[in-house]
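Asks: Let's have the full structure, built from the sequences with the hints guiding it.
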Amino acid sequence: MEQETCFPGVRFPPWVGENYRRNSRFGLRLLVLGLYHYGDPGFESSVLTSEAVRFWGQKDPSSYFTKIAQVLLGEKDRLSDGARTDVWEDIAFYNYIQTLVDGPRTLPSPAEWKAAEVPFMVVLGALQPNAVLVLGKGLRDHIRCTPPDVAFEQIYDPSYSRMSVANSIPVLQDLLRRAIQ
Numbered sequence: 088m089e090q091e092t093c094f095p096g097v098r099f100p101p102w103v104g105e106n107y108r109r110n111s112r113f114g115l116r117l118l119v120l121g122l123y124h125y126g127d128p129g130f131e132s133s134v135l136t137s138e139a140v141r142f143w144g145q146k147d148p149s150s151y152f153t154k155i156a157q158v159l160l161g162e163k164d165r166l167s168d169g170a171r172t173d174v175w176e177d178i179a180f181y182n183y184i185q186t187l188v189d190g191p192r193t194l195p196s197p198a199e200w201k202a203a204e205v206p207f208m209v210v211l212g213a214l215q216p217n218a219v220l221v222l223g224k225g226l227r228d229h230i231r232c233t234p235p236d237v238a239f240e241q242i243y244d245p246s247y248s249r250m251s252v253a254n255s256i257p258v259l260q261d262l263l264r265r266a267i268q
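Count along the sequence shown from 1, add 87, and you get the number used in my numbering.
No lab work stands behind these hints, which were simulated from the structure alone.
Heads up, simulated PhoX-like pairs for lysine-lysine below, C-alpha to C-alpha not over 25 Å straight-line:
id, residue 1, residue 2
1, 201, 224
2, 163, 146
3, 224, 163
No experiment lies behind these values; they were computed from the predicted model shown.
Replies: Here it is as C-alpha cells:
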C-alpha cells in the first residue's frame, strides 16, 4: 500500500534499497533502469520488482542480476554472497515498461513505450536520483524527457551476449563522476 502511495499510477514500483536515500556506497542516489518484466500474467503484482531483486539479486542470484552487481561493485570476477547482496541496498531498480511481456527479447509495442513515459516521470520525481544507469541501448533511445540535473548513461542490457562487465565498469564510473560534479 505504501508503494502505491509513493508511486501513483506506477504498476510495478521500483526496488528501493535501504541505503538508497542515505549512506549509499556511491555517495549519491543511483537508479538502475531495466526494460521490463516478463512471465505468466498470474505473477503480476505491485511488488514484482522488489521480489525479483530480493530473489534473483540477493537470495538466488541470476546471471542478469549478478552482472549488474559486478558492474556496480567494479568487479570483473566472482562476487562474494555478501557483496552481491549488499550492493542492492545502495540503489533503486526500476523497469521502464509497465506491462508484463510474454518473454525475453520481446520488443515493446509503440503503445507500451508511450504508456511508460508518465510512470517513469513519477518514479524520477519520487526517487530524485542523481544518476541513472540505463540497461540497454534501445531503452535509452526511448527515454525522451530527462531532468537536466540527472546524469544518464547506458550500457548493454546484461541479458545480451554483447554486454561486457569489464567494458561497463568505466561507463558507470564516468556516470558517477559526472553526477557528483
